[in-house]
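Knowing the structure of chain A, use the given hints to seat chain B on it.
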Amino acid sequence: MASVCYGGETKTSTPVEPSSKSARKRRMEIHQFNFVPADVAVMSPESGRKSQKREASSLDANSREAEAEEFQKKCLNVLESDSEGSKSDPEVKSAGPKFGLTSVCGQRRDMEDAVAIHPSFSGGSHFYGVYDGHGCSHVAMKCKERMHEIVKHEVENRTNEEEWLETMTKSFSKMDEEVTEWSRNSGQLSPNCRCELQTPQCDAVGSTAVVALVTEDKIIVSNCGDSRAVICRGGVVTPLSNDHKPDRPDELKRIEDSGGRVIYWDGARVLGVLAMSRAIGDNYLKPYVISEPEVTVIDRTPEDECLVLASDGLWDVVSNETACGVARMCLSAKKPKSPPRTPGNEISVSAACESSDKACSDASILLTKLALARHTADNVSVVVVDLRKDL
Amino acid sequence: MPTNQSVSNFEDFYEKWTAQQKLHLDALVAASETPQSSQNPSYVCALVKSVVDHYEEYYRMKSHWAKQDVILMLSPTWTTPLEQAFCWIGGWRPTMAIHLLYSKSGLQLQERIVDVALGLATGDLADLNSSQIDQVDKLQRKTTMEEREISEKMAKQQGNVADSDMVELTHELDDDEEKVESILRRKEEGLEKVLERADDLRLRTLKGVINILTPSQSLHFLVAAAELHLRLHNWGKERETKERDLSAA
Chain A
12 MASVCYGGET KTSTPVEPSS KSARKRRMEI HQFNFVPADV AVMSPESGRK SQKREASSLD
72 ANSREAEAEE FQKKCLNVLE SDSEGSKSDP EVKSAGPKFG LTSVCGQRRD MEDAVAIHPS
132 FSGGSHFYGV YDGHGCSHVA MKCKERMHEI VKHEVENRTN EEEWLETMTK SFSKMDEEVT
192 EWSRNSGQLS PNCRCELQTP QCDAVGSTAV VALVTEDKII VSNCGDSRAV ICRGGVVTPL
252 SNDHKPDRPD ELKRIEDSGG RVIYWDGARV LGVLAMSRAI GDNYLKPYVI SEPEVTVIDR
312 TPEDECLVLA SDGLWDVVSN ETACGVARMC LSAKKPKSPP RTPGNEISVS AACESSDKAC
372 SDASILLTKL ALARHTADNV SVVVVDLRKD L
Chain B
57 MPTNQSVSNF EDFYEKWTAQ QKLHLDALVA ASETPQSSQN PSYVCALVKS VVDHYEEYYR
117 MKSHWAKQDV ILMLSPTWTT PLEQAFCWIG GWRPTMAIHL LYSKSGLQLQ ERIVDVALGL
177 ATGDLADLNS SQIDQVDKLQ RKTTMEEREI SEKMAKQQGN VADSDMVELT HELDDDEEKV
237 ESILRRKEEG LEKVLERADD LRLRTLKGVI NILTPSQSLH FLVAAAELHL RLHNWGKERE
297 TKERDLSAA
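Protein chains in written order, with our numbering: chain A, 12 to 402; chain B, 57 to 305.
Isolated chain A, as found in the complex:
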């Protein structure tokens, strides 16, 4: 299934399919391009680490870099010619910020991504979560089902002095405990869970989790694994999470200090198995793989444009800058009255929505299509949240 939704309407179905054998994901090298046009500053804490990798990158990556550069130029031209005038219509202001969500299986044979969006889930806060499962989909599905409830409970019981880091760490830890507990009682596994055939391996299942809480004045991003959240603010792209890869120097040290090893087997992997250093679940890799999130808290500003959350199916093939460039373009595009878009299939999901609500969804779909176009090997889940406030 692809879930596509606008505003508060969400349409989802269970993305679980049986499979004969679970295969470990091959994590593709993330390629980022650092083309920095005059008016787009790029702040990427990862750029140093990436540049080491790039020395080994292939011709293919070079051509993609050129392509990306070309593309970035195109985007900028468009953005420059298209002035800032397109503020959204205050009349369609809903309970939460507008958002778009697309989640597809892509070229993979199993769907292991899950996405949860809960506008106004606690007071005036809104919840956005992307979970990318590995081994099977049941941990990601469990996160989709439960994470926001756990977070809600923690948020509503936090004292004024409590740091967000503490609140979110407690939440992730509870989520992890639930998953572990649940997979122990594996008799309750959902019937369409493909790992039910290999119950002893039920421990070898996990999921990334990137969760963004958007409050009236703050954005809190908590991350565990290699899904990612980035914000676009006044044309500047800033990652709000830092991928947990086993070869990230601080993560490598943490793993080795706890007695674990990182083995290069089709990329850096914890014990040669898992290509990320933190995750929900994966009980068999504890204590090397932990469920503790890194938390970023930022104040919302009037320059905030959009927030993009996605699984690595997007980030493997689309850089932060390109993703934000595309999202901005969709959000600021004035939809021409003519020529109309292809007639015929523009039905169901879109029919009930105001056209201005569609921009976010257009952005999430276009990013998904771009990832598919660049032959991502993975499932692709993209959430785009419009942060522009109606003033």
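Hints are all accurate, no fakes.
Counterexamples of contact, computed for chain A against chain B with all Cβ distances above 12 Å: (1) Ser133; (2) Glu188; (3) Asp261; (4) Ile274; (5) Gly283; (6) Val308.
Derived SDA-like pairs (lysine to any residue); straight-line CA-CA distance at most 20 Å: (7) B:Lys198 / A:Arg119; (8) B:Lys194 / A:Ala388; (9) B:Lys194 / A:Gln118; (10) B:Lys198 / A:Asp121; (11) B:Lys194 / A:Arg120.
I should point out that these hints are in silico values taken from the structure, not numbers from a laboratory. All C-beta atoms, glycine included, are put in the ideal place defined by N, C-alpha and C.
Using the frame of chain A, we list chain B on its own:
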């Protein structure tokens, strides 16, 4: 134009069918290169329909010949080793149709990404909208599942080559022709059922994609499908010729 059933074997039919596919390809390319504004919608619809009908006819004939000789249909001598290397139960893998759609759509999207972001109609596969992406994703999951089921059934048939009947039969010093015939016949019946399901899934997946696409998008998809089929066939033949020349020298 319709290839009639009077051909003496499937290979002859395949030759004629492929010749017709080449003609269709020319028409599809011409129509897909016409700007959408000057396309004649009813012509486009009719063209898409006749191409889909042509595929339908292929599978009707295949089913007819499978009843005569399923073994031959599972090891198609009219295709090249190159094509056979990518074969799944006597034909293309059904999920390949979705991969084809994603690839073609991806190529067209990268060309027109700015237009698409601005909401301009491109009229080709770059234009897939949210509802279409949703339907393609559903189709893919359903197809993957059915493909797996059929693969399982094929595995069962292939395992049956060593069932006790066969082992007993092969142990006997002299062939009891009647017995051999009857046991092999049963195996063929099993294979025939699997092939029928595989072909049914192939045709349904193809039609499923066409049903999701608008007629003008379908043109682009059908061009890609025909090109892939015809070019792969040609490359396979070229390889065969080269190998033959090499071994002759």
